[in-house]
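Take these sequences, add in the hints, and give me the full structure.
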Amino acid sequence: MNKLTSRIDKERLFLGLAAPVLAVVAALVVTAMVILATGKNPGPAFNDMLTYGFASDSQVYILNKATTYYLAGVSVAIGFRMNLFNIGVDGQYRLAAFFAAVLGGALTVPGWLAVPLILICAMATGALWAAIAGILKVTRGVSEVISTIMLNSIATAIIAYLLQPGKLAQLQQGGTVVATKPLPSSSHFFGINTGPAGDLWGFIFVAVAVGIAYWFVLGRTRFGYDLRTVGQSESAAAASGVSVKKMIATSMIISGAVAGLIGMPTLLNDSYQFSSDFPTGIGFTGIAIALLGRNNPIGIALGALLWGFLERTTNHLEFQGYDKEILGVIQGVIVLCVVIAYEVVRRYGLKRQQQKVGAELAAQAAATTKKQEVA
Amino acid sequence: MKILYGMQQPDEGTITVGGEQVVLSNPGDAIARGIGMVHQHFMLADNLTVLENVVLGAEKLYGIGGKARAKIKEISDAYGLNVRPDVLVEELGVADRQRVEILKVLYRGAKTLILDEPTAVLVPQEVDALFDNLRELKAEGLTVIFISHKLGEVLSVADEITVIRRGTTVGTAEPSKTTTKQLAEMMVGSELPTPETTESTVTDVPMLKVDGLHLGQTDLEGIERIVLDQISFTIHKGEVLGIAGVEGNGQSELVEAIMGMRDPDAGVITLDDADISHAPTRRRRESGIGYIPEDRHRHGLLLEAPLWENRILGHVTEKPNSKGGLLDIKAARADTERIVEAYDVRTPGIEVTAASLSGGNQQKLIVGREMSHNPKLLIAAHPTRGVDVGAQAAIWDYIREARREGLAVLLISADLDELIGLSDTLRVMYRGRLVADADPATITPEELGSAMTGAATGHLEHTEDDER
Numbered sequence: 077m078n079k080l081t082s083r084i085d086k087e088r089l090f091l092g093l094a095a096p097v098l099a100v101v102a103a104l105v106v107t108a109m110v111i112l113a114t115g116k117n118p119g120p121a122f123n124d125m126l127t128y129g130f131a132s133d134s135q136v137y138i139l140n141k142a143t144t145y146y147l148a149g150v151s152v153a154i155g156f157r158m159n160l161f162n163i164g165v166d167g168q169y170r171l172a173a174f175f176a177a178v179l180g181g182a183l184t185v186p187g188w189l190a191v192p193l194i195l196i197c198a199m200a201t202g203a204l205w206a207a208i209a210g211i212l213k214v215t216r217g218v219s220e221v222i223s224t225i226m227l228n229s230i231a232t233a234i235i236a237y238l239l240q241p242g243k244l245a246q247l248q249q250g251g252t253v254v255a256t257k258p259l260p261s262s263s264h265f266f267g268i269n270t271g272p273a274g275d276l277w278g279f280i281f282v283a284v285a286v287g288i289a290y291w292f293v294l295g296r297t298r299f300g301y302d303l304r305t306v307g308q309s310e311s312a313a314a315a316s317g318v319s320v321k322k323m324i325a326t327s328m329i330i331s332g333a334v335a336g337l338i339g340m341p342t343l344l345n346d347s348y349q350f351s352s353d354f355p356t357g358i359g360f361t362g363i364a365i366a367l368l369g370r371n372n373p374i375g376i377a378l379g380a381l382l383w384g385f386l387e388r389t390t391n392h393l394e395f396q397g398y399d400k401e402i403l404g405v406i407q408g409v410i411v412l413c414v415v416i417a418y419e420v421v422r423r424y425g426l427k428r429q430q431q432k433v434g435a436e437l438a439a440q441a442a443a444t445t446k447k448q449e450v451a
Numbered sequence: 047m048k049i050l051y052g053m054q055q056p057d058e059g060t061i062t063v064g065g066e067q068v069v070l071s072n073p074g075d076a077i078a079r080g081i082g083m084v085h086q087h088f089m090l091a092d093n094l095t096v097l098e099n100v101v102l103g104a105e106k107l108y109g110i111g112g113k114a115r116a117k118i119k120e121i122s123d124a125y126g127l128n129v130r131p132d133v134l135v136e137e138l139g140v141a142d143r144q145r146v147e148i149l150k151v152l153y154r155g156a157k158t159l160i161l162d163e164p165t166a167v168l169v170p171q172e173v174d175a176l177f178d179n180l181r182e183l184k185a186e187g188l189t190v191i192f193i194s195h196k197l198g199e200v201l202s203v204a205d206e207i208t209v210i211r212r213g214t215t216v217g218t219a220e221p222s223k224t225t226t227k228q229l230a231e232m233m234v235g236s237e238l239p240t241p242e243t244t245e246s247t248v249t250d251v252p253m254l255k256v257d258g259l260h261l262g263q264t265d266l267e268g269i270e271r272i273v274l275d276q277i278s279f280t281i282h283k284g285e286v287l288g289i290a291g292v293e294g295n296g297q298s299e300l301v302e303a304i305m306g307m308r309d310p311d312a313g314v315i316t317l318d319d320a321d322i323s324h325a326p327t328r329r330r331r332e333s334g335i336g337y338i339p340e341d342r343h344r345h346g347l348l349l350e351a352p353l354w355e356n357r358i359l360g361h362v363t364e365k366p367n368s369k370g371g372l373l374d375i376k377a378a379r380a381d382t383e384r385i386v387e388a389y390d391v392r393t394p395g396i397e398v399t400a401a402s403l404s405g406g407n408q409q410k411l412i413v414g415r416e417m418s419h420n421p422k423l424l425i426a427a428h429p430t431r432g433v434d435v436g437a438q439a440a441i442w443d444y445i446r447e448a449r450r451e452g453l454a455v456l457l458i459s460a461d462l463d464e465l466i467g468l469s470d471t472l473r474v475m476y477r478g479r480l481v482a483d484a485d486p487a488t489i490t491p492e493e494l495g496s497a498m499t500g501a502a503t504g505h506l507e508h509t510e511d512d513e514r
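Going down the list, the protein sequences come from chains A and B.
Counted from 1, the first sequence has number 203 at position 127 by the working numbering; the numbering is strictly sequential.
Counted from 1, the second sequence has number 262 at position 216 by the working numbering; the numbering is strictly sequential.
Worth flagging that the hints you see were computed from the coordinates, not collected in a lab.
Hints should not be assumed to be uniformly reliable.
[To be verified] In silico DMTMM-like links for lysine to aspartate or glutamate, alpha-carbon gap of 20 Å or less:
1. 427(A) to 397(B)
2. 243(A) to 353(A)
3. 432(A) to 390(B)
4. 322(A) to 332(B)
5. 321(A) to 309(B)
6. 427(A) to 220(B)
Below is the structure:
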């Protein structure tokens, strides 16, 4: 009997890996065809991506990018585990990064106090912004998809209004860039100097910690069990004693708090200020990465690394005479394929398991009757 | 039934339609052969009109316009179905919806109609109207297969009765020469396990007291409907209180109110001298309510989760599932193994998903789980529905055993034999009220049935001529 369960487990692992691998392979095939269609040879392009992507400076760049993406993926995944589609991660992190930057610029306390304060401010802002959508959903039944899209637009407007000289921002000396007051150097997050390859952002350790916390809370705590229950079946969760509404609001708030961290690696390790060219759209990247990583903490990490890799290498392709829009093609196809592949693999797995259990039971039954006959 | 409609494949045997042997590999085949099925649960889109619902999926037959409307009118008039094509389905009552379902099947050219428990949701007048419709269909030369566990109905509408018990035909009968009693004997048989309990274990210590429970619900049109009205009863330790009633008369809501999934407008629920009227579900579970839900897929299981996670469901705060705020996965797994063993859940292991077990084994897992936390009160809603005969007998045994040990049980079932056999006290629920009570030692299913349709109220006495 043990043998069978372990076999099912192995098979489950295999099926779990099959979907993303299939998706990535399909995406490569489609991309190759697109490159062919533009009249160029895909072979050297992939070759260039590989060699360039594994150069040491690329590796640092990819890890830094992936840090941000990982946080975005986890933030979205928390919602997904609850069957909540938090599209608002985008607005949440931008608003959070903005206010955290304003606070960081204004703080004059030493760094060991300033950095935690900035992080708390960011998480609180993200959580509050997400809470609006959560509360609207549980009290008025507003779909979180709609409300978070709206909140994204409102966040954009708020930032645009406050990011003006005389409000919460200032014109940089001699420059044309409007930005918040830069963080004092004591509030910078530590980085690891890797020599000519550049600085590895220290925030990667925070991202790893968030990943471990995500795994532990969801998989090992009562709270996480309740959350997953609601995600799997709201009716069963209610019958089992989970307050579904409270859970929706809570998970939305947690998702928002993690979203608040998304802008922090950039703010604390790179830009040290929030300006009009602060990266946008990472919330949506997070959706793709959470999908790719199956809401699994390690899967999300792989997805984030893949995204960083693709961005780095397709940028470089431009210099080789290829079109940089290939990035969009690859990413888009991967997400599409992933969604399809997961559903196909999930159904196949369920059906296969049912058949297996049936066969196993029939074999057991046959064995017992035989035994009885002998006896 | 599922085989006839092509949803399942037979292992052996043949099906002959109109003298021709056929293989039905999917519902499409069945429809092509003129077999149509009216499901117990309606499959209609509320936000479409009757016309749209009928043509949905059969657009090729008569289009979606005037021709389809004319055809619907024609069928409706021919069989006296009285269907209005342009009304939204959400505005229709249950009986009208059922007629739309029948029309849907006829529209697709069915010559043989399968009706699966069509009267479960109808009130008596509606049942009569349905029977009139069925007689019209019969008169027009159609074949009707009417599946029901209500003997009186079968006798009044059928021309020939086949009794199926546990998957085999036990006999056929002619309604004119058969009484409900003979039919019941054929249905139940003597060699099969019966739900009978032997000695009474009722004590005079009240466990659950429900007093003046009232629950209103506002429907889509904003009209307040009373779902539960003045419900009062007491279950003592060691007592099984059975509630009979046609489904949809407030039983589910009563259970949900006791479980805390619905908040009653008025009334008091007391469990073991503690007022739990408005306590959250989790606290009620922790204080000793075990719950075998009516719909195990919706309320009792996480279908895509492994068995050991399902073992935690509903008892996540209790031992052995957790310690403090953390799950104790090792202990939960070990205990799942124990339940699988003790309750004879047939499974190759505890890692398989709940969905891959058969209905009976899923139910045994639920019963095992609920019994593992020493409940004071067990709410068993249709505990043996959709469960094979072996599991059924086992589940009855567990309930009986727990009752001996002082458990109070609220039993809700559509199986009147189960109710009469297991219960110490019987109440009948009709339109959200407890309208009658009866002594299970003397009452017959027919007498209960008359109260379930609202025809009889008060204390039901067994009388020899079966008339009151």
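List, from low to high, the hint numbers that the structure doesn't satisfy.
6
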